[in-house]
Each structure stands twice: as C-alpha cells, then as structure tokens.
Amino acid sequence: MSTLQLKDLYDGFRDPGVIRGLAKLINEEAKLLGRPINIMEVCGGHTHSIMKYGLPQLMPGNIKFIHGPGCPVCIMPKERIDHAYVLSQQDDVILVTLGDMIKVPGSKGSLQDARAKGADVRFVYSPLDAVKIALENPEKKVVFFAIGFETTAPMTVALIDTVLKRGIKNIFFHINHVTVPEVMVELIDSRDEHVDSYNNRIDAFLGPSHVSVITGAKIYEKFPKEYNRPVVVSGFEPVDVMEAILMLIRQFNEERCELEIQYKRLVSHEGNLKAQQLIEKYFEKADLFKWRGLGNIPQSGYRLKSIYEELDAEKLYADILPKEEIEDHKLCICGDILRGMANPPECTIFGTACKPSSPLGSCMVSSEGACAAYYKYGNLIS
Amino acid sequence: MCLSIPSKVVQIDKEQNVAVVDTMGVTRKAGLDLVEEGSIEVGDYVLIHIGFVMNKIDEEDAMESLKVYNEILEKLDEQEREKLVLEDDDCGNRTT
Ligand code: SF4
Ligand code: SF4
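Protein chains in written order, with the working numbering: chain A, 1 to 382; chain B, 1001 to 1096.
Since the hints were derived computationally from the structure, they do not count as laboratory data. Just so you know, these numbers come straight off a predicted model, no measurement behind them. Treat the hints with care, since some could be wrong.
[As the list claims (entries may be wrong)] Cross-link-like lysine-lysine pairs, in silico, DSBU-like; alpha carbons within 30 Å at most: (1) A:290 / B:1008; (2) A:141 / A:165; (3) B:1008 / A:132.
[Said to hold, decoys possible] Just a sample of chain B residues kept apart from chain A, beta carbon distances all over 10 Å, derived: (4) 1012; (5) 1022; (6) 1043.
Virtual Cβ for every residue (Gly too), placed ideally from N, Cα, C.
Pulled out of the complex, with its shape left as it was, chain A reads as follows (with noise of 0.2 Å):
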C-alpha cells in the first residue's frame, strides 16, 4: 500500500526546478528595484501558501509580504456568530452552516460548543444541502447562517433562487456575505491615518483567486487607477505567486501601473456573469458590516434585499438576536497585523496565551490566518 498524502499531491505543483528558476528571476529584477515593496497577499489561501513553502525565504531582501484579512471565519465578528448561538438555542430551529464556522468562538462559545450542548447544529458541505434537511424536519425552521467572500455569496443565492422555486417554507437565511475590493480600500485608507507609521506599507495587492473566478478581475480596476497599488490575480500553487510577483516587480520596474492577470486558466476580466446577476437579484449592499479585527467597514457586506424580508432570519428573531458590541482580547493586535503593521510574533500573546487550540483574535481562528499560518510554519522562516 503506497503511504502517498494529499502533501504529496501539492507536490507535485512544487516543482523545485520551476521555483528556483523563479526565484531567480525574482532576485534579478528586484535589483532593479528603487526601493522597497510590501505586497499583501488579500487572501488566505495565499497567505496559507506562501508559509507552507516557505516563499519569504526566496525572497529578495526587499520584497516583503503582508498578509491580508482573506479568511472569511477568521473575520466574522463574536457579535455574528452570537447570533448563531442564539439561533441554534430556539427549540424549533436546525442551525445549519459550512463546515468552516465549527470552531470560531463567539463572546457564548462556539457553534461546535453549542451542539456540544445539544443545540441543532449541522455542518454541510454545501448549501444546497439545507434542502435536504428542511425538506427531511418539515416541523422545523432551518436556519441557513450564510458565510464568505463574493466566491460563496452565489452558492448561497443559488439556494435562495431554488427556496422560492421550490415553494419550501422552513428555510431561513442569516447572511454574512463580505466583499473584498472594500476592505483593500479599508486598509489603504487606515495607512494614510497615520502618515509617519504606515507609510509605504501596501505597494502592491496579490488579489484573490476563487473570488476572482466569480466576480471578475474587473473589481480591482480601481487599484491602479485610483490609489496607484498595481494588483496581480494570482492562483494558490507556489508556482502561480512566485509568478505573480515576478509580474508585479516587473510593474514598478518598467513603471507601469495596472491590473493583471497571472491565473488565466480560471479567471476572467468579466468574471461568472449568471452568478453575478444572481447576487444582484436577492442582495444589496449593507451600509456597514463590522469585520473582526478591523472594525465597520462601509459597504463591505450582503443583506437580503427588504422585499425577501420573509427569509431574513435577522428580521424574523430580530427581539432576540444580542445587540450589544464585543471588544477582542485587549493584547490582541489583529488589526494591526491585518493592515500590514505588524508580524504575528511581536503580539505579546502569541503561542502562549494564544493558540490554534485556544484562539483569542481572529488571526489565529483558522489554519489561514497569519498567527495560525506563523504558528504552524513560523520555523521555516525565522
């Protein structure tokens, strides 16, 4: 019997011949370069990639890696997932979800400490899933708690889309759905705050690659032409990002400024049109969503539009859902970690206090967060 893992599988996509010549190529134009580049990485996948190969290390001395808030659990704020917990006490609700909440802790607990407890909760692969179990407990309401970037916003919607065609009563929706270009502009913005200390902090983004595949590159257009930061849509193999930042350097090298592609094979300029029209259809912009680390960000997320507000479950259980705000742990500096400011390490609790099996901040909640990706991997490049 072979003992081959899915390790081995990446790599396969880890060509070292193809990385090294890479590398090298790297290495010689950033040379070229007038001064130093931080590239932030927006999404977690990236930034899950880049430790487990090691890429800082094949890095020239002046290219630098900022790791974004790409992981969509590691940004619900305690405030949502509360909601969640609070759903999932009702007697007559089954709480259903993606499998990758299970462990985010809310200011209550998390959903598995919930269903630890015997609240309803089921983890589905998919949302289409939540069918199933309506269709399966027509006595019950299922509430569908909806999470993730613009790449699962049309999954959900697709469920919605087949509620209504379907005429099935017992399906409910909580909708967490965020959006990226915001919170990239977020974190421009925050650096000019404070001129001195986050000067020259983001020069250039890596953008995401499965949102992407959705909303099209066409949403980072503004990037380059508004906020002069060049953004390269990169694929998740280390092959793609190292090719990716070659292309960036070779941007402020020939002094160009603008928005690429280096993950052809999947992503578009246009993007998945039919998927995008569907999200148009049921949702419109929140005027704020408060994202775990970060704070409100203004337009960042989805809600239902008001004539779906029969789905809405934050309407419907809106006398009990909790309202008030919850501050993280007073030490944990996520926020600054998010916007480039700091490195994992220089937070005072790292490793000890706070751990994967103990998260205190968002950073550390998912294997992709920074702290989580540092804990793991951190040795290959300290």
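Given the coordinates of chain A, work out where chain B with the ligands should sit on it, guided by the hints.
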C-alpha cells in the same frame, strides 16, 4: 489550500440542473445553477466549489494540470484516491 483539480462532466441531469462529474476517478454531483444554461456539456472540464460548478476550464489547461495529478495518482489505490479528492474539498478556507 485548494488544488482546484479539474473535474470532467460525464452526465447532465437537466431536470435537477445538476452535473455528474468525475474528479480523477471519483464520481460526484454538482449544481449547475451558477453557469449559463446549456454552456456546460458532457466532456467539458469544470472547477467545482462547495457543491457547484463554478466555471469551465480550458481543455488544454485542464489536461496540463491533470498530467501532474495523474502521475501521483497512479500510485494510489481507490480508497486513497477518494480520500484525496474529498480532502481537497475540505479546505479550511474554502469560503474565500
Ligand atoms: S496571536 Fe492571537 S491574540 Fe495575538 S494577534 Fe494573533 S490572534 Fe490576536
Ligand atoms: S477557499 Fe476555496 S479556494 Fe480558497 S483555498 Fe480554500 S478551497 Fe481553495
């Protein structure tokens, strides 16, 4: 991390609007709600994300990446193969 293994469409159920796909020998179903009607045909390569077909992959690109996966998969038995494909879907960050 998501490998984005290309899946091949082997059957389309118009009624249910789902496709049956083959991901390196593992068969599963995926919703077609997010792609234009009629744009996906049997034989196409697609990317799947949490139970839905996200889009079509250019055949040449798909073959290119499958070549790498296949070399490794040749060394696996059925059970391990299924585990790998399902694990690929079970990414902790699959909502980005
Ligand atoms: S180590 Fe924990 S507490 Fe410190 S910044 Fe990271 S997540 Fe926050
Ligand atoms: S979120 Fe999707 S795309 Fe991102 S790493 Fe995970 S499975 Fe891959």
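Hints and how they fare:
no., hint, in the structure
1, A:290 / B:1008, "violated (40 Å)"
2, A:141 / A:165, "holds (18 Å)"
3, B:1008 / A:132, "holds (26 Å)"
4, 1012, "holds (16 Å)"
5, 1022, "holds (17 Å)"
6, 1043, "holds (18 Å)"
The structure is inconsistent with hint 1 alone, although it conforms to all the rest.
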